[in-house]
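> Chain by chain, the residues run as shown.
Protein chains: 4
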Amino acid sequence: MGSFKGHALPGTFFIIMGIWWTLKCIVKYVCRKHKRTSYFGSKAVFYRVDIVEGITIIGMAVIGMLGEQFIVGGPHLSLYNYKEGRWVQLLGWHHTTMYFFFGLFGVMNILCSTIRSLPTSLSKLMFSNALFVEAFIFYNHTHGREILDIFVHQLLVMVIFLAGLAAFMEIFLRANLTVELLRTSFILLQGSWFWQIGFVLYPPSGGPAWDLLDHDNIMFLTICFCWHYAFTFIIIGALYAFVIWLVKTRLNRTCPSEVGLLKNVEREQESEEEM
Amino acid sequence: MGSFKGHALPGTFFIIMGIWWTLKCIVKYVCRKHKRTSYFGSKAVFYRVDIVEGITIIGMAVIGMLGEQFIVGGPHLSLYNYKEGRWVQLLGWHHTTMYFFFGLFGVMNILCSTIRSLPTSLSKLMFSNALFVEAFIFYNHTHGREILDIFVHQLLVMVIFLAGLAAFMEIFLRANLTVELLRTSFILLQGSWFWQIGFVLYPPSGGPAWDLLDHDNIMFLTICFCWHYAFTFIIIGALYAFVIWLVKTRLNRTCPSEVGLLKNVEREQESEEEM
Amino acid sequence: MGSFKGHALPGTFFIIMGIWWTLKCIVKYVCRKHKRTSYFGSKAVFYRVDIVEGITIIGMAVIGMLGEQFIVGGPHLSLYNYKEGRWVQLLGWHHTTMYFFFGLFGVMNILCSTIRSLPTSLSKLMFSNALFVEAFIFYNHTHGREILDIFVHQLLVMVIFLAGLAAFMEIFLRANLTVELLRTSFILLQGSWFWQIGFVLYPPSGGPAWDLLDHDNIMFLTICFCWHYAFTFIIIGALYAFVIWLVKTRLNRTCPSEVGLLKNVEREQESEEEM
Amino acid sequence: MGSFKGHALPGTFFIIMGIWWTLKCIVKYVCRKHKRTSYFGSKAVFYRVDIVEGITIIGMAVIGMLGEQFIVGGPHLSLYNYKEGRWVQLLGWHHTTMYFFFGLFGVMNILCSTIRSLPTSLSKLMFSNALFVEAFIFYNHTHGREILDIFVHQLLVMVIFLAGLAAFMEIFLRANLTVELLRTSFILLQGSWFWQIGFVLYPPSGGPAWDLLDHDNIMFLTICFCWHYAFTFIIIGALYAFVIWLVKTRLNRTCPSEVGLLKNVEREQESEEEM
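Chains as they are written, first to last, in numbering that gives the first Met the number 0: chain A, 0 to 274; chain B, 0 to 274; chain C, 0 to 274; chain D, 0 to 274.
Next up, chain A with everything else stripped away, as it sits in the complex (with noise of 0.2 Å):
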């Protein structure tokens, strides 16, 4: 991992898995919104897609799991050197244990979408669960390096801890798009910042790295990590408008009226409530 594409590849698929989510759970959203179900079919459209994400996610694992083992270089599944006594390849095994739980947290996926008698909060303790271990990992990852080393994968175990924060906050509200929202926010902000701290410790250019010392540096990072924050937000609201857009223009064309007599009663029943 210690390359600017170990970066980049974990970068990508949390941003993938952010805009996943972030469309699911808008389309979820509006689903609830105009109670129109049969719409979108029916609920088990949704247990379908959750089971297809849980495959997804053990075969992202797995992949991660046996590249983190068998790459050149890498610990080939031994853990222990007795001739030279000493432990072979740690941080390796260390991206392995997290892809680990990632898998679990697709295992639990897939037995929530299909055992109906577990709670589905089973699935998002797991999910909390799989980025708590992410964050504790690499809280205790980067000892003995320099400060900007330090400081970049500390804002990554603080956006990881706070997705975790999110998930496991869903666990009690279900079925609240701002938490929902606020989650695939740090998704998607966790995947951009490891691009970042691919440039920044291992710039692609070719060029020198960054001055690791400097502490110029950390005070740019600093903003750096809140445009990435706002940026996040921006595609949020791109993603939302384009769902709202391709929904109301597939409604309208079948049924245009009804939908219009549906949300002004909504509009009046939501204004009630927010009061």
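Hints in this document: simulated from the structure, not taken from any laboratory. Some clues are possibly wrong.
[Unchecked claim] Label-pair ranges, simulated between beta-carbon atoms:
#1 D:ILE233 / A:ILE62: 17 to 23 Å
#2 A:ALA229 / B:VAL71: 25 to 31 Å
#3 D:ILE233 / B:VAL61: 52 to 58 Å
#4 C:ILE70 / D:TYR79: 33 to 39 Å
[Claimed, not checked] In silico lysine-lysine, DSS-like type, Cα no more than 30 Å apart, as pairs:
#5 B:LYS42 / A:LYS247
#6 C:LYS32 / D:LYS27
#7 C:LYS32 / D:LYS32
#8 B:LYS32 / A:LYS32
#9 B:LYS32 / C:LYS27
#10 D:LYS32 / C:LYS247
#11 D:LYS42 / A:LYS42
#12 C:LYS32 / B:LYS247
[As the list claims (entries may be wrong)] Which residues of chain C face chain B? A few of them, derived with a C-beta cut under 8 Å, are:
#13 TYR81
#14 GLN88
#15 LEU89
#16 TRP92
#17 HIS93
#18 LEU103
#19 PRO118
#20 SER120
#21 PHE137
#22 ASN139
#23 ILE170
#24 LEU172
#25 ARG249
Each residue gets a CB set at the ideal place from its N, CA and C atoms; glycine is no exception.
Please build the complex by placing chains B, C and D on the supplied structure of chain A, with the hints as guidance.
For chains B, C and D alone, kept in the frame of chain A given last:
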């Protein structure tokens, strides 16, 4: 911003906004109590007020961003000086970033008031995000300064963070006067503490600055911070009394008997509820 | 306050208040259980009790403030000695500020009991604010002292902060016996820990003070703190048994059969609810 | 306690209790789902189980306290050696205090099951208190030891604190399977981590102890902690499958059709609720 005026301006802004939000949430509370929104106009009035508020905040944020960028000695939108190989005016960029997030909050405020399908809690989320980002940037702002300078900024970070937490709690606890007043009290405290920082670091009298290494000054500013907080509550109490007096005077003139009856019923229901 | 009496006095105050609040919340709980508020008088009784409580707290706060200011060697309301260019008796001002916030709580207690349009949670808010301010000031109080002195004050800060958190939780969880008892247990612990600090730092026997640099003393005070906490729960248990015994004796004398019936019904409903 | 057995014993205790609580909360969950408490006997069964549980915990706590006090080299109830002017065996007293709080929890468990006027959340409160006190004492336990020793105890403190938090959350969130399983997972993790500490600090094989200054060992124990946590979830999953299999086998034999119908209705209601 490294001047008395640079601290007095945002201080004044937060005090005005704090007073405004205090008035708004007390008026809303009184409306809920009297269930007489028709008297104060329909809910549309509150939405229109939110739009005006959003436009004001965007205006302030844009002015702040332009001011930070184009004052004499500002960065003028250049981020990196390639000739000298160093960042340009990072503190100015820090402030610009803070203003930008408040601008995002203003935009979301307008969107949540115009597009009814958006949940209003999204506007609360952007508000708490703006405050958390402000706290995060101020936390990484005072690198390598004197202890008193760091201490007053730490207190600032604390109060901004608490304001963010209170705003975050409002996502789940709608229409709870206590939490709303807690949030506005922190906003007011933030405003008056900006003034205090101005007085400590850049005395406007032209006299000598405070001794930034004296521990007695820290001990004094600890209680000074508490006095500001006590003062905040006195202002809120005065505003509350003023709104109640205003409502009573005007309501009694138009429909004294009806109100009296309503209040007695409410009083009993409430006391029932409180036990 | 730098004496045994200076710690024993607030300790006694908090122990008395803790016992009082414990009794009050147990009595309220029993009233709610029996739905027989008429027996203990109308709710007006509780409001009157709150007013008396508020007046007592204000009285204590004013006595504390005057005592801190006008004892021999106190600051006598002067804050800054312009001749010598230094602050006057800042520790005394620290204590004055703490008392002032408890005074504010007393005022709010009276206001919330007399003006019914105010939500009672505002009084809880001022209570938790008074405790948080006390914790904040004590946190910045022990600059440059010995480790044992700092340690006992850190434990004090911790228990005050936890009491503040419990009081803050009561804003949202009204009439929850468990949280109320948690809060009163922290208040009692705070009181008895004030006594312990007095014994450690200013032994009343006139013997030599404890060795403030000995780590074994820290190890002992760690468990001593836990014993105080265990003792707190034993006191609360005794008070609970006393109130229940009192209620049973007096209720059985007046209307034994009715109560028995009521309790059976309740018992089943409750056990239904608990599963 | 400074031996392998001294860590293996509490470890075994927590693992057994963790498995027991996991089974109990899964059975309770299945009962709630099937609304067939009559099958598993009346609620009185659960109260009787709680009483037996309380007696067991009190027994364990008393044995632990006596063991700590009267083992060879223990303090034998003497706290201060006046001759030599030093505390006697403070670490032994630390453990005695921890056991005492678990004893208090056992007492409260019995009281809450026998005296119905007590809210059951009080027993949860005492449980979280016992865990918080344990975390607090362990936090102040490892003064002046090697970094690896401190690190493994820090992880122990973390998991105990998280178990306390989960138990505290149960005060407000009754009958929530996810939070209950989270708590039992932390209890199981605590138990297995006690074993791990024993293996690290006092290798039972008689071989040389681990290098307490090697940073690679810290890196390894970080992921080892995560593996223990993953293992915990696998145990819980197996217990869940076992209970479900047991219930299905026995229910199907007695009343297959009725159960099937019940489950279909539930399934739909639940899926309705989940959206």
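> Against this structure, judge whether each hint is valid.
Here is what the structure says about each hint:
1. The hinted range of 17 to 23 Å is satisfied by ILE233 (chain D) and ILE62 (chain A), whose Cβ atoms lie roughly 22 Å apart.
2. Against the hinted window of 25 to 31 Å, the Cβ-Cβ separation of ALA229 (chain A) and VAL71 (chain B) comes to about 27 Å, which satisfies the hint.
3. For the hinted restraint 52 to 58 Å between ILE233 (chain D) and VAL61 (chain B), the CB-CB distance of approximately 56 Å keeps it satisfied.
4. Distance hint check for ILE70 (chain C) and TYR79 (chain D): the Cβ-Cβ separation is about 35 Å, which falls inside the suggested range of 33 to 39 Å.
5. Straight-line distance between C-alpha atoms of LYS42 (chain B) and LYS247 (chain A) comes to about 26 Å, which keeps the hinted pair within the 30 Å bound.
6. Proximity of LYS32 (chain C) to LYS27 (chain D) is assessed by CA-CA distance (about 26 Å); at most 30 Å being required, the pair is judged to hold.
7. For the given pair, LYS32 (chain C) sits about 29 Å from LYS32 (chain D) by alpha-carbon distance, which is consistent with the 30 Å threshold.
8. For the hint pairing LYS32 (chain B) with LYS32 (chain A), the CA-to-CA distance comes to about 29 Å; that is within 30 Å, so the pair holds.
9. Distance check on the hinted pair: LYS32 (chain B) and LYS27 (chain C) sit about 26 Å apart at the alpha-carbon level, within 30 Å; holds.
10. This hinted pair does not check out: LYS32 (chain D) and LYS247 (chain C) have alpha carbons roughly 38 Å apart, beyond 30 Å.
11. Proximity of LYS42 (chain D) to LYS42 (chain A) is assessed by CA-CA distance (about 35 Å); at most 30 Å being required, the pair is judged violated.
12. The hinted pair formed by LYS32 (chain C) and LYS247 (chain B) fails the criterion: a straight-line CA distance of about 38 Å is larger than 30 Å.
13. At a threshold of 8 Å, the smallest CB-CB gap from TYR81 (chain C) to chain B is about 13 Å, leaving the interface hint violated.
14. Restraint check, GLN88 (chain C) versus chain B: the minimum CB separation of about 10 Å is more than 8 Å; hint violated.
15. At about 4 Å, the closest approach between the beta carbon of LEU89 (chain C) and any beta carbon in chain B falls short of 8 Å, and the interface hint on this residue holds.
16. Here the hint on TRP92 (chain C) is kept, as its CB sits about 6 Å from the closest CB of chain B, short of 8 Å.
17. Taking 8 Å as the C-beta cut-off, the interface hint given for HIS93 (chain C) holds, the closest approach to chain B being about 6 Å.
18. Satisfaction of the interface hint for LEU103 (chain C) is found here, the shortest Cβ-Cβ separation to chain B being roughly 7 Å, below the 8 Å cut-off.
19. Nearest Cβ of chain B to the Cβ of PRO118 (chain C): about 6 Å, under the 8 Å cut. The hint holds.
20. Against a cut-off of 8 Å between C-beta atoms, the interface hint on SER120 (chain C) holds, since the closest Cβ of chain B lies about 4 Å away.
21. Residue-level restraint check for PHE137 (chain C) is violated (minimum Cβ-Cβ distance to chain B is 10 Å; threshold 8 Å).
22. The beta carbon of ASN139 (chain C) comes within 4 Å of a beta carbon in chain B, closer than 8 Å, and the hint placing it at the interface holds.
23. The restraint placing ILE170 (chain C) at the interface with chain B holds, with a minimum CB-CB distance near 6 Å, inside the 8 Å limit.
24. At its closest, the beta carbon of LEU172 (chain C) sits 12 Å from a beta carbon of chain B; the interface hint therefore is violated under the 8 Å criterion.
25. A hinted interface residue such as ARG249 (chain C) counts as satisfied when its beta carbon comes closer than 8 Å to some beta carbon of chain B; here the least separation is about 20 Å, so the hint is violated.
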